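Chemist: What follows is each chain in one-letter form.
Number of protein chains: 2
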Amino acid sequence: MNEKIRIGILGYGNLGRGVELALRQNPDMEQVAFFTRRDPSSVNTLSPSIPVYGVDALLAMKDEIDVLILCGGSATDLPKQSPEYAKNFHIVDSFDNHSKIPEHFDACDAAAKSGGKIAFISGGWDPGMFSLQRLLGNCILPQGKDYTFWGKGVSQGHSDAIRRIEGVLDAKQYTVPVEDALARVRAGEDPVLSTREKHTRECFVVAKEGADLARIEQEIKTMPAYFADYDTTVNFITKEELLRDHAGIPHGGFVLRSGVTGDGTRQMIEYSLKLGSNPEFTASVLVACARAVYRLGKRGEVGARTIFDLPPALLSMKDGAALRKELL
Amino acid sequence: MNEKIRIGILGYGNLGRGVELALRQNPDMEQVAFFTRRDPSSVNTLSPSIPVYGVDALLAMKDEIDVLILCGGSATDLPKQSPEYAKNFHIVDSFDNHSKIPEHFDACDAAAKSGGKIAFISGGWDPGMFSLQRLLGNCILPQGKDYTFWGKGVSQGHSDAIRRIEGVLDAKQYTVPVEDALARVRAGEDPVLSTREKHTRECFVVAKEGADLARIEQEIKTMPAYFADYDTTVNFITKEELLRDHAGIPHGGFVLRSGVTGDGTRQMIEYSLKLGSNPEFTASVLVACARAVYRLGKRGEVGARTIFDLPPALLSMKDGAALRKELL
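Just so you know, the sequences run in chain order A and B.
What the first sequence shows, in the numbering used here, is residues 32 to 359, in sequence order.
What the second sequence shows, in the numbering used here, is residues 32 to 359, in sequence order.
If you are wondering where the hints come from, they were derived from the structure by calculation, not from laboratory data.
Any given hint might turn out to be false.
Treat identical chains as interchangeable: a pair holds within one or across any two.
[Stated by the list, open to error] For lysine to any residue, the following SDA-like pairs were computed, each having C-alpha atoms within a straight-line distance of at most 25 Å:
1) K305 x A214
2) K356 x P342
3) K176 x P281
4) K229 x G328
If you're wondering where the values come from, they're calculated on a predicted model, not measured in any experiment.
Produce the complete structure using the sequences and hints provided.
Modeler: If you want it as structure tokens, here you go:
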């Protein structure tokens with residue numbers, strides 16, 4: 032084996048921990064350090080032998096890190112961090128604000144080009160693997176329709192929105208695909224589906240003692256953008272039940288391309304994920320992408336990239352001959 | 032739109048006709064001509080305005096064809112044709128003899144390099160899209176198991192094998208995945224499955240009048256390599272029933288990657304195809320790959336390539352910015 036690919040992790044929440052764990056499954060990589068905006072001594076990782084540094088230490092370690100994986104959030108962290116660090120590091124991020132991807136790409140592209148680096152953005156599963164499946168489906172079946180269903184899984188954003196309601200102690204929200212809608216797509220009906228027809232929302236809420244449950248339920252169900260357009264179920268449970276039954280962060284979903292070839296011949300492509308842990312899976316994608324980024328960098332390429340731009344073989348530990356023999 | 036990509040089709044069976052039809056769905060391409068080893072006047076295509084030439088006319092049309100799609104068979108046609116034509120044309124083939132892919136790749140690589148061309152081999156769905164899904168699954172979930180199930184669909188090779196039996200007029204063989212095995216994989220059991228446990232084989236046979244049906248059934252069920260290792264059902268039907276109920280060439284299947292991240296978290300990736308026409312779908316993949324090959328050629332790349340080597344964006348009619356905006 033060649034020299035190992037040296038990885039830095041910036042940010043240590045669920046995603047950062049997922050990257051830490053994924054790196055253990057990839058023997059051609061090694062983790063150099065964690066970087067955090069918190070007090071490093073307050074961060075307890077799963078890898079006591081790997082140092083935790085403050086974010087200020089990053090730039091000085093430029094030559095010791097081949098790829099920096101950014102594990103911050105898409106709302107405020109990545110729009111700032113990705114272009115900033117792409118000037119000095121090959122980076123990988125999981126920027127997932129779909130409508131802002133074009134501007135994020137442009138900002139990262141300019142930064143990466145100015146520093147002679149590769150900035151890989153929007154890794155993960157949606158955007159990420161789901162996007163790739165949408166692209167492939169569109170290319171193979173130009174006459175067809177796309178369908179993406181999410182779930183069953185925990186939406187962090189919707190859970191947070193519920194927690195902000197007066198009288199709520201804690202909450203977990205599941206996005207659930209409507210089985211009947213999925214069945215109609217699979218049957219080749221090419222239905223036109225409204226937001227309400229595609230997904231339902233299930234909420235598990237821990238309320239403060241004495242809180243007005245009817246008012247909380249009403250506030251959830253009528254919340255614009257988050258719940259108003261969906262059929263929403265609200266279940267009040269105890270804190271113990273929430274911890275016992277809803278501790279995980281599962282997710283998943285379905286991407287379908289329903290198309291027609293020739294003289295009306297039906298063709299159906301379906302891709303689905305059933306993820307025990309959303310952040311661990313996302314992290315696993317980021318780590319594979321980091322390998323590809325390292326190799327693109329070695330070739331002297333610069334600028335922003337997405338999953339659409341990566342020759343898939345670059346994601347693998349194996350060389351081309353082994354891949355053709357074993358997997359083609 | 033730029034100049035159209037000019038495509039030649041060599042061979043006009045089910046796959047050639049599929050390519051002819053797929054090109055009609057891809058407005059950035061145009062078909063220049065058909066080439067055949069038969070008497071051109073005996074070939075009736077679906078496109079009367081596109082000329083049919085003998086294969087001898089090919090070389091002289093070198094400068095009028097951007098990509099030549101080879102639609103012959105993998106047993107005897109492609110091992111000869113692909114390296115031969117890769118010296119003078121960018122080619123795309125659907126070579127599907129898995130065990131011989133490495134040597135086919137090497138032969139095409141040498142030929143393509145000698146002529147400064149790109150030779151894309153083994154396009155289609157298996158090898159092809161299924162291979163890509165196996166690769167992605169392995170890269171994202173290094174700790175896991177691969178499963179590929181085929182069907183329900185028509186196996187041309189197995190149908191042909193039955194037709195060669197004395198007393199058989201015609202036959203169609205379906206490969207059928209065992210639902211229970213698929214269910215166990217989806218449940219995360221990671222079962223070890225024998226050949227017999229993964230697929231069954233259903234045969235529909237038209238026998239000659241007075242033929243010994245018991246002997247035919249016995250010969251099918253005990254045929255080494257083709258049927259002996261499977262639970263096989265043999266149904267004798269009339270020629271009319273075969274034409275009425277078994278005229279299509281459907282196929283499909285499933286690729287699953289069952290993996291584990293972190294501390295035993297289960298993650299499942301599933302890709303499936305339900306194809307009304309196997310050759311039309313395969314042809315649609317080849318056409319998308321031809322676009323990528325054309326672009327690689329424009330970049331000055333040379334040599335053999337597979338689906339593992341293609342940046343997915345090159346498969347699309349759309350440019351990078353549109354893809355990021357619409358599909359990422």
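Chemist: If you test the structure against every hint from before, which numbers come out violated?
Modeler: Of the numbered hints, just 4 does not hold.
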